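Colleague: At position 373 of the sequence shown the residue is numbered 373 (the working numbering), and the sequence of numbers has no breaks.
Simulated from the structure, these hints should not be mistaken for laboratory data.
It cannot be assumed that every hint is accurate.
With a Cα cut of at most 27 Å, we get these calculated DSS-like pairs of lysine-lysine [to be verified]: (1) K537 to K581; (2) K445 to K473; (3) K118 to K49; (4) K202 to K73; (5) K356 to K447; (6) K69 to K86; (7) K69 to K177; (8) K73 to K44; (9) K202 to K129; (10) K468 to K543; (11) K331 to K312; (12) K86 to K49; (13) K480 to K380; (14) K349 to K191; (15) K321 to K253; (16) K49 to K96; (17) K178 to K56; (18) K502 to K483; (19) K380 to K202; (20) K196 to K69; (21) K361 to K445; (22) K502 to K468; (23) K253 to K196; (24) K269 to K181; (25) K423 to K361; (26) K253 to K186; (27) K591 to K480; (28) K129 to K53; (29) K86 to K53; (30) K178 to K191; (31) K473 to K332; (32) K380 to K468; (33) K53 to K206; (34) K468 to K581; (35) K269 to K69; (36) K492 to K332; (37) K70 to K196; (38) K480 to K445.
It should be emphasised that the depicted structure is a prediction, and the values quoted were computed from it without experimental measurement.
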Amino acid sequence: MITKILPTLIAVALLAIGIVYVYKYESDEMPDRDKAESVIVQDKDSLTKITLKGAKGLVVFERQTQGDKKEWKITSPLKVEPDSIKMDDLVGKLAKLESKRLVTEKIDKPLADYGLDKPTTTVEYESSKGNGSILIGRQSDVETSWYVKRGDTDRLFLCESWGIEVFQSEFNQFRDKKIMKVDPDKATIVKIVGEKGARTFKREDKEKWTVEVSGQRPMRGNTQAIRNILYAMNNLAVEEFVNDSPKPEDLAKYGFAKSDHTVTITFEKDEGTRTLLVGKKKEGDLSRTYVKRDTADNVFAVSNTSLIDLTKPIEEFKDQKLFEFSSTKLKKLTVALGSRVATAERDAKGNWAFAKPIVRKEAHTATSVLANALEALKAKSYATDDKSRAAEFRLDPPEMTITFEGEGVPASMLVLGQPVADKGRYMRIGTDPFLAIPEDDPYAKAKAIVDAYLAVLDLPADTVTGMKVACGKESCELAKDEKSGWQLKEPKSVVLNDPPGKAAAVIDALGAATAEEFIPSGPGPIGEFGLGSPEYKVVLTFKSGAPLTVDVGPAQGPRRGVLTSAHDKIARLAGGDLVAKLADLTAPIRKPASPVKTSPSSVAAGPAPAHVESPVPAPSPTPRTVPAGASPPSPVAPASARAPGLPPAGLPPIELVPPPRPSPSPGSR
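Model the full structure from these sequences, guided by the hints.
Modeller: What follows is the structure in structure tokens.
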């Protein structure tokens, strides 16, 4: 039983001993346990000098006059700037130091009992109102407080640790951690020299910077990215004070022997320049890098992350906005898409019009859209132009070029490459050494200008009321009814599926048709493009005005010509689906060629090649069963032997819908 309660008895005994000690050696000297008093109270502005002496060394602070101000400086052990927050804390605590409580009005025991015979810290001060000192002894045995007394009295206080720790700080804790004072609004030039050469940023005005790299033309800078360098330099803080008196061999060890990595900042007016030398990474702690000012010996270690803006690719300092102009200031804009070129200019009223109109003169809508897009154009990312990567960039040859100029806007060229999978499209601004991938690709907006300029027709689709399409000797005619829309009028012997849809598709295709080039018409070109006997002839009628004729010639290899009554030029079609839509519309009226009476062997073998004198007959084809009343299948004739009216090879199959046959009368056989 006694064994079980023995630990408890021991604990109670120790507690009792502690209580007796406190009351015997401390409490009996406390006139009022709850009373907190100030150890010292004085005017902080009267202080002129503070000296800290202790186990952590000697630190001297002096208040010096600089201009019309008085500022605190550290004068020993080194003449350096103090940390402003730490300095304010030191002066504030010395001006008014609060105690936890007053222990005794008069010490009547040996000072050694309180650690005051050899104080852990002595604070000496000089003031315009007199000098004095504060002695800090040992820590209380039962509290986190320290014994404190003034040098000119025998009053003994207990002060909380947080109230006196500033007096117990070492020299480096008082030092200013800021390495450079940089005002971003006053900096005019930032020059960074590193392993890859020099880069210089120059401020043109408050918010505009240029970027200069050796061997390259100046570029507009990314203001925020450049200001980030200035902010980083202003906030550069010491993580470790490495060496205040380095020898030459020390400087070599820290990476300052050559000083080939520097940051120099020039300020406006007479504020001069400030230079930071960047050395090696710290051995054993690669998260830190050695740095020093060019005007001082002190070597510091700083966090690598604080220097990250200095090592970013130069592309990141180029302005993301590619152009600096207002779209309303542009006067001329040219888009070249291969051999297809369109130029638009502003007229006296400020509207865009094509410079040398062929079909359309008005260019305001499409050109305004592109001009606005160019003004807002931003780079999603940059890449340095490199001939070895030409295949990757796909800019040689370019897919498109856009040139523009205007009031206060110098002639500029934007070169667009072929699209690159998973990246976008690389672009180059004139001879800029950097390529940009845009956030919003302007290609489609620029192509719309070329398509508008090279439109085959300026077709007001909503005013078309009638359409006649001839294919060879066959033709069909459609009319637009206000209630039911497009309907087939002729021939009445066939049925056309979805007349409104197919007619609208043809009109849309005519309106969207663009030319690779326009060629003056004449007997020669008309014959060359087969427009004397066009494959399709389209006649459109309108609510008012004369009809419009469109002749679509046969395919001449990759070429196909179109001639309209709207102008005297032949348009060489640049692709599109006009022919396919015409073929779809006319499929029900096209007739196959009449059967050719030949022997089975000649049908199977076809005409003999010119250089074969006696072709060997092919075996007779396998007979096919023909339903009663049906015609035998027609032989397939070569393209050269096809009868007029047949569609060319590659068109949709002929859709013949025979007219309904009358029902037999009663009694007929």
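Colleague: So which of the earlier hints does this model not fit?
Modeller: 2, 4, 9, 11, 13, 14, 15, 20, 25, 26, 31, 32, 33, 36, 37 and 38
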